[in-house]
Amino acid sequence: MDQKIIGSEASKFEYIEVDESSQSTEIAHASVDGAPGNYTEEAIHVEKRLSRYCRKVDARILIYAIVLCVLNQSDRGSIGVAKVVGLESDLGMVKNDFNIATTLFTVGYLLLEVFSNFVLKRVGASKLLPTLGVLWGCVCALQGIIRTKAQLFVMRVLLGMSECGFTAGILLIMSFFYPKAKLTTRVGFFYLSAPLSNVFSGPLASALSHIHHPTIKRWQWVFILEGVLTIVVSVFGFFILQDHPEKCSFLSDDDKEFIVSYKKKEGSLGGSQKLSFSDTKRALFDWQLWVMTFATFATCAASSSVSVFAPELINELGFTAAQSQAMSALPSVFGAIAILLAGQTVRVCGSHWLAGVLALSVALLGSVLMAATLNIPVRIIGLCLVGAGGFSGLGILPGWNITANSQNVAHSAVASAATVFMGSSSGFVSSNIFLNQDAPRFIIGHSVNIGLLFLGIAACIVTRLSMGRRNRLLQAQEMRPVVEFSDSPDDLDRNRAFRYVL
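With the first letter of the sequence shown counted as 1, position 391 gets the number 454 in the working numbering; the numbers rise by one all the way through.
No lab work stands behind these hints, which were simulated from the structure alone.
Each hint should be verified, as a subset may be incorrect.
Under the rule of at most 30 Å between Cα atoms (straight-line distance), these lysine-lysine pairs were calculated in the DSSO-like manner [said to hold, decoys possible]:
(1) K344 / K111
(2) K310 / K328
(3) K327 / K119
(4) K280 / K212
(5) K158 / K212
(6) K190 / K280
(7) K190 / K310
(8) K111 / K280
(9) K111 / K328
(10) K327 / K344
(11) K119 / K190
(12) K327 / K310
(13) K111 / K319
Distance windows between CB atoms, simulated [what the hints assert, rightly or not]:
(14) N159 / L536: 45 to 53 Å
(15) T436 / Q500: 16 to 24 Å
(16) I439 / T194: 42 to 50 Å
(17) T194 / I524: 37 to 45 Å
(18) K158 / S312: 47 to 55 Å
(19) V411 / R118: 22 to 30 Å
(20) L404 / G149: 21 to 29 Å
(21) S424 / K280: 21 to 29 Å
(22) S312 / I163: 40 to 48 Å
(23) L528 / V411: 20 to 28 Å
(24) I524 / L404: 42 to 50 Å
(25) N159 / I400: 28 to 36 Å
Here a beta-carbon is modelled for each residue, glycine too, at the ideal position from N, C-alpha and C.
Go ahead and model the full structure; you've got the sequences and the hints to work with.
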């Protein structure tokens, strides 16, 4: 269960409980100024007003964030496309040099990520995020003029460092603008950019592979054109992105007052709120949060495998480079459809944890098929299942992580940071499990994915059991007098009305 807020004519708010998976609303029996009443009509009015507000934010911030993230994913995954059209041979890369290059991106990414949200808080999203886009666009384009593999290694570290604050920053400002009941769906749409980037980059690279230039090679065109496009789109961000609702230029004063009051009563993270050190410490040492985010680690490892290695996996099945690039979009098409259906999947399953188990199970089945046979149609089906399951998990699990851990500002901040950290860390795995010497079966890579996905399923189940136990304790605590809480996560939270979203 999550919490929404309804208003009264006296401009005061009361909580209503919302089951997001079933979209049903149960209005709490409450009173305003001590007078009992029926707030059904008022709740409907507030919900309509909230929907209008969210549509404004969707049209300006969410759509642009998705477009920029498509370019972000495409730029970091362009090395997989470049490999198919001659990157390795031209740079003299041997054995596992390509895996080293992809791993170094993750090293650069994680080096500065821990500081990114602190910088964003001080500088502002409207300035920092477009600047990051211009920086990584420049680095991506500069990869097109390198001459040695050592230069490629350096550029991959720089690319990771320039991208590191983008995803965490977008998730943070989304938590500023959207209430909890609307956040999960928007986070899922944001992660839709991952399969969309693969859908576009495959055919684009196929077209680029037909370019013949006397001095610029095909793989260089991949980096240069994608980098330049990112720079152009990022410049628009200086005029589109906003720091938080209180300073938002496209919201009316009434909209600002409404959403600030709504989120204040909701207790979710706001642009002007500060973090408590003691609450942050409790959140960091909450074992349930880290078990929960491990499922995100597993689904990111599977989806990253599709993003970076799909062209190579298809190429090793006997297809030409151009065919491999075009066909690499196929599993991402299934992934994009799966993300679009992620909300419906949660509603059908009746809970986020079960929907997450289903998504990971689909990816697990695909990995088993890929490992079990060299039959081309079966392996293509397996790759599509990995794409569908892995990307569906991205549409369900990160949003669940952030929404479920919203009992206070610190837990919201730590949950969003942990989600990005675990997702990014999966790059260490996905970059090093599909080795050239293992072609064409890549049994090690598929086996590792199978193990991770199985553990991800177990993590969802353990999280569900733990949340059920904690919700029962919270229910019991609500019936007792207020007591002091210790720093242990098992002592739950001072917000006695809070319940974990299952």
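Verification of the hints:
With a CA separation close to 38 Å, the supplied pair K344 and K111 exceeds the 30 Å bound. Between K310 and K328 the CA atoms are separated by roughly 19 Å; this keeps the pair inside 30 Å, and the hint holds. Between K327 and K119 the CA atoms are separated by roughly 20 Å; this keeps the pair inside 30 Å, and the hint holds. For the hint pairing K280 with K212, the CA-to-CA distance comes to about 15 Å; that is within 30 Å, so the pair holds.
Annotation: proposed proximity of K158 to K212 holds, straight-line Cα distance about 12 Å (limit 30 Å). With a CA separation close to 35 Å, the supplied pair K190 and K280 exceeds the 30 Å bound. A threshold of 30 Å between alpha carbons decides the hint, and for K190 with K310 the separation of about 13 Å falls inside it, so the pair holds. Pair hint K111 plus K280 does not hold up; C-alpha atoms about 54 Å apart against a cutoff of 30 Å.
A C-alpha spacing of about 18 Å is found between K111 and K328, which places the hinted pair at or below 30 Å, so the restraint holds. For the hint pairing K327 with K344, the CA-to-CA distance comes to about 22 Å; that is within 30 Å, so the pair holds. A C-alpha spacing of about 21 Å is found between K119 and K190, which places the hinted pair at or below 30 Å, so the restraint holds. For the hint pairing K327 with K310, the CA-to-CA distance comes to about 16 Å; that is within 30 Å, so the pair holds.
For the given pair, K111 sits about 16 Å from K319 by alpha-carbon distance, which is consistent with the 30 Å threshold. Checking the proposed 45 to 53 Å range against N159 and L536 shows it holds: the Cβ atoms sit about 49 Å from each other. Take T436 and Q500: their Cβ atoms lie about 20 Å apart, and the range 16 to 24 Å holds. The hinted window of 42 to 50 Å between I439 and T194 holds, with their beta carbons roughly 45 Å apart.
Taken as a hint, the range 37 to 45 Å holds for the pair T194 and I524, whose Cβ atoms sit roughly 42 Å apart. The hinted range of 47 to 55 Å is satisfied by K158 and S312, whose Cβ atoms lie roughly 53 Å apart. With their beta carbons about 25 Å apart, V411 and R118 fall inside the hinted range of 22 to 30 Å. For L404 and G149, the hinted distance range of 21 to 29 Å is not satisfied, since their beta carbons lie about 38 Å from each other.
Taking 21 to 29 Å as the suggested C-beta distance range, the pair S424 and K280 does not conform, at roughly 42 Å. For the pair S312 and I163, the supplied restraint of 40 to 48 Å holds, since their beta-carbon distance comes to about 45 Å. Here the CB-CB span from L528 to V411 is close to 22 Å, well matched to the stated 20 to 28 Å. The hint said 42 to 50 Å for the Cβ distance between I524 and L404, and at roughly 22 Å that hint is violated.
Judged by the Cβ atoms, the range 28 to 36 Å given for N159 and I400 holds: they are separated by roughly 34 Å.
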